[in-house]
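Enquirer: Build the full structure now, drawing on both the sequences and the hints.
Top to bottom, those sequences are chains A and B. For the first sequence, our numbering assigns the number 2 to the initial residue and increments by one for each residue that follows. For the second sequence, our numbering assigns the number 641 to the initial residue and increments by one for each residue that follows.
Hints in this document: simulated from the structure, not taken from any laboratory. Backbone N, C-alpha and C define an ideal beta-carbon position, used for all residues, glycine too. Hints should not be assumed to be uniformly reliable.
[Unchecked claim] Taking beta-carbon pairs under 10 Å as the criterion, some of the chain A residues facing chain B (in silico):
# : residue
1 : 48
2 : 78
3 : 132
4 : 136
5 : 150
6 : 468
7 : 470
8 : 478
[Claimed, not checked] Restricting the straight-line Cα-Cα distance to at most 27 Å, the calculated cross-link-like pairs of lysine-lysine (DSSO-like) are:
#  : chain 1 : residue 1 : chain 2 : residue 2
9  : B       : 1005      : A       : 126
10 : A       : 126       : B       : 647
11 : A       : 137       : B       : 1021
12 : B       : 677       : A       : 476
13 : A       : 22        : B       : 736
14 : A       : 19        : B       : 729
15 : B       : 779       : A       : 523
16 : A       : 476       : B       : 851
17 : B       : 701       : A       : 501
18 : A       : 19        : B       : 736
19 : B       : 725       : A       : 394
20 : B       : 647       : A       : 137
21 : A       : 123       : B       : 921
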Amino acid sequence: MSSVRDHLLEQYSARVYKNRKDHVITAGENNPDVITANTRTIPGIITQRGCCFAGCKGVVLGPIKDAAIIVHGPIGCAYYSWGTRRHKAFADEKDGEQADCYLEYCFSTDMQEPDIVFGGEKKLKQAITEAVSIFKPTAIFICSTCPVGLIGDDIHAVARWGEEEYGIKCIGFSCEGYKGVSQSAGHHIANNQLIKYIIGTGDKAPKKKYSVNLLGEYNIGGDGWEVEKLLKRCGIEVVSVFTGGSSYRDIKNSHLANLNLVQCHRSINYVAEMMYDKYGIDWLKVNFIGVQSTIEALRSIGKYFGDEELIARIEDVISDELGTVFDEIQYLKSKLKGKTAALYVGGSRSHHYQTLLKDFGISTVLAGYEFAHRDDYEGREVIPDIKIDADSKNIESITVEKDPKYYKVFLSDEQKEALAEKGVQLNYYEGMFKEMDEGSIICDDLNHFETEEFLRILKPDIFFSGIKDKFVAQKNGLLSRQLHSYDYSGPYSTFTGAVKFGQDILMGLSTPAWGLIRAPWKQIPNLEGSLGGEE
Amino acid sequence: MLDYTTKEMAERSALTINPAKTCQPVGAMYAALGVHKCLPHSHGSQGCCAFHRMFLTRHFKDPAMASSSSFTEGASVFGGGSNLKTAAKNIFDLYKPDIIAVHTTCLSETIGDDLNAIITDIDIPESKYIVHCNTPSYKGSHITGFTNMVSGFINYLSKKSGVVSEKICVMPGFVNPGDIREYKKLLKAMKVDFTMLPDTSGVMDTPMTGKYEMYPQGGTRIPDIIALGDCKKTIALGLQTSEPSAEVLRKKCGVEYEAMPLPMGVELTDKFIMALQDLSKEEIPFEIEEERGQLVDMMLDIHPYTYGKTVAIYGDPDTVLGITAFVLELGMIPKFVITGTPGAVFEQKANDLFDKFAVTDCIAKAGTDLFYLHQLIKNEKVDLLIGGTHGKTIARAEDIPLVRMGFPIIDRYIHSYMPLVGYKGAMRMAEQIANALMDYQDSHCDEKDLEVVM
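Expert: Here is the structure:
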């Protein structure tokens, strides 16, 4: 297989080769496998990566339904991040406290040339005034776009002004697109502000004995709701979700939960770590994508709380849920077994979906992350070895102290050790590598050229990716499904989601149009045609 | 749905809510895709390029390829010159386009990158080209960006050789490949030899062949762009979108132009056809007259369902004006007509249309947003909405049927293959409008009133 990697890299110029060679790995070739990640994309190389703003506003903050997010900048950035990610939510009331839902709205200061020349703070203040007067939100977030940082508008000062003037929560996010090397920088910036200004500011304690926060779950297509339903069936209260379907109202109480469950490690691990340091809350890496991984996640939660009654209830729920989907999963598996897949998504899904594919007997021949760090590939044990380059240094990394009021340890160190022996490792993510078959290809920041080449050589049956490369694969006659948006299907999480996913794959592979691509006259050898030179 | 939008018109001077425009670069990227073997290049941070490619792909459901200068914080401080130089080398090495069309972003504009100087410094391979245009996102809209990119191609490439050709230059406006194919059909029928700039047909509506081509068959050929300087005339379709580029070609090469509205509906298509006849001096062929006659026949057939119905139209200025003209011909009342793109000419042209058809109490507004439109509708409900995807929340909130036309339509398929321009495009509009109104009647009338024949 390494010849596949070498063949691809050989086609690059010396400089590009030097850069890309460490981003492309053949699994099992080195012990341990090491990859380069979270470094700059070379200009001109067609990357699928987005920017810091997309990671901050688009990914982490966007789903928070009751915050009016004002994008401070020219119109585009607000426009493109308006309703285009399927983080579902609706307004609701909890214990007499309302959370409005502004996801149908797009707020922008629509900066014009004079604002760029003379500064946009005045316009931003006026925009806040107007948002307050029309919507009366409990929270306003301000997200900066590129020019704002360049002209030096102090959005944080404006946020402080907003809080004083209107008595609401008002937070600035300096997530200019040029920061960092991908969306990842934006995740970090959003995480920092959430811990600084929201988490820990509420005082509504959970009602149930066992409670969790669901971190890094963005409720795409309703995934998070399925997980919440499942946890509720097990008797576990979900205090807040970061951030799918969630609210400022809920997140401010998140420090009162017993345990943090981490779905997308990349986008939210900073919050998980900082809540561990500040509030003593352990985090557990879970994966509710896939039947086996959902079962494993539920059992780990049971073991964490160590309550026999809870464990029994979890087992009941598992056998019940499994019973409902078992036949359909077996049927789908009979149809899908032996197929191969390539995955190129964000910073977690390329790992999560491999376990779901395995449920159906589909193996992964190529996987890559768009904006992950080395720990997402190799496991958190490599974090001390990661060299911080200039681009990462510019992103503030904050340390937090133990909270005098709320710091609380749920399990003692001995109990944690005992758990680890049972296979439940807390505050740890093992990364993608360990689950990948020897010889499969792992490619960080997979670019357009590499996509085309790898798909041509590896010939997977399905390519899971995003909208920008979906149709490249499809035009090549290859089924391509978006794992960012689920091609507007889903939910894909938990047991029923796995079935939906399998059905969608089978649908994609079976649709009759694939058989119509070649016109009949192109399939019949044209024996009566004239040979060259005859006419 | 949109529960916080109030009936009381909110005074706003700073906050845009639910925009009806986006930023310049996405328009520039779309225009550049309409040149054969061209790779659009976004000179800014990666996110811009990613957003624009995402948006175009969602509208066309076809790949929108483009590259980025991938600015980091360092580039934002020291300038993006070296990023563009590196990018150009890598692009020519790896993706082998014939031409790179660079557009700027609010980032590179704010730091003041001098693209002329940077490009002059780049070692461009033999017979390859790099062109650029400035697309500051804090001015105009995606329409402005489209115009600027078209002008950019002319600025860099078009030359006057001194020998005037028989060809005319056609600037299509910000329209779909389906529209461009319709223009071409009409131009061919009228025996007019032309160069279309840009031409996204065959690029953003490619057939399924089982083989992806990074540079499909379509797109304006570079030699044809160069030869635009010798054209005998330019037909600039879309006053706001195309006229500025036609003026650039006139100034540079002395090619006179005729700017006209997008040929939408009967009279505006008549105007286009007669302009072509003026050039070719040919008889208008029967197939065109037949199509026109069919269209008018349909309009008479459906008039009981369209006459007097009120409609709100939103989107891009030239497209909205074209739709407005046609709905007036259908006897409808274009109660609210808005665009997010700034420009006084829009309001003036819309008001001219209102006057021409003697409709009163209609509102036209440029540089506004969908929140404003929704507030207008809350004060006076309309029978129909026409525009892109983003109006669907209003449609749902107010239970108004929505006909999708224009850009962007990211929640439906196939539309970009179909025309809105020409008589054929008007037939399609007529069908969609009548169907929407009649479906609404079917789903909302009393059961006893459900008509089997309509």
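Enquirer: Each hint should be assessed against the structure and marked as holding or not.
Expert: Results of checking the hints against the structure:
1. 48: 6 Å, holds
2. 78: 7 Å, holds
3. 132: 6 Å, holds
4. 136: 5 Å, holds
5. 150: 8 Å, holds
6. 468: Residue 468 of chain A check passes; min Cβ-Cβ to chain B is 5 Å, inside 10 Å.
7. 470: 8 Å, holds
8. 478: 4 Å, holds
9. B:1005 to A:126: 25 Å, holds
10. A:126 to B:647: 24 Å, holds
11. A:137 to B:1021: 26 Å, holds
12. B:677 to A:476: 18 Å, holds
13. A:22 to B:736: Holds, because 21 Å separates the two Cα atoms, which is no more than 27 Å.
14. A:19 to B:729: 15 Å, holds
15. B:779 to A:523: Distance ~51 Å between residue 779 of chain B and residue 523 of chain A Cα, so the pair is violated.
16. A:476 to B:851: OK: residue 476 of chain A and residue 851 of chain B at ~6 Å, within 27 Å.
17. B:701 to A:501: 23 Å, holds
18. A:19 to B:736: With a Cα-Cα distance of about 20 Å, the restraint between residue 19 of chain A and residue 736 of chain B holds, given a limit of 27 Å.
19. B:725 to A:394: 26 Å, holds
20. B:647 to A:137: 16 Å, holds
21. A:123 to B:921: Roughly 59 Å separates the two Cα atoms, so the pair is violated.
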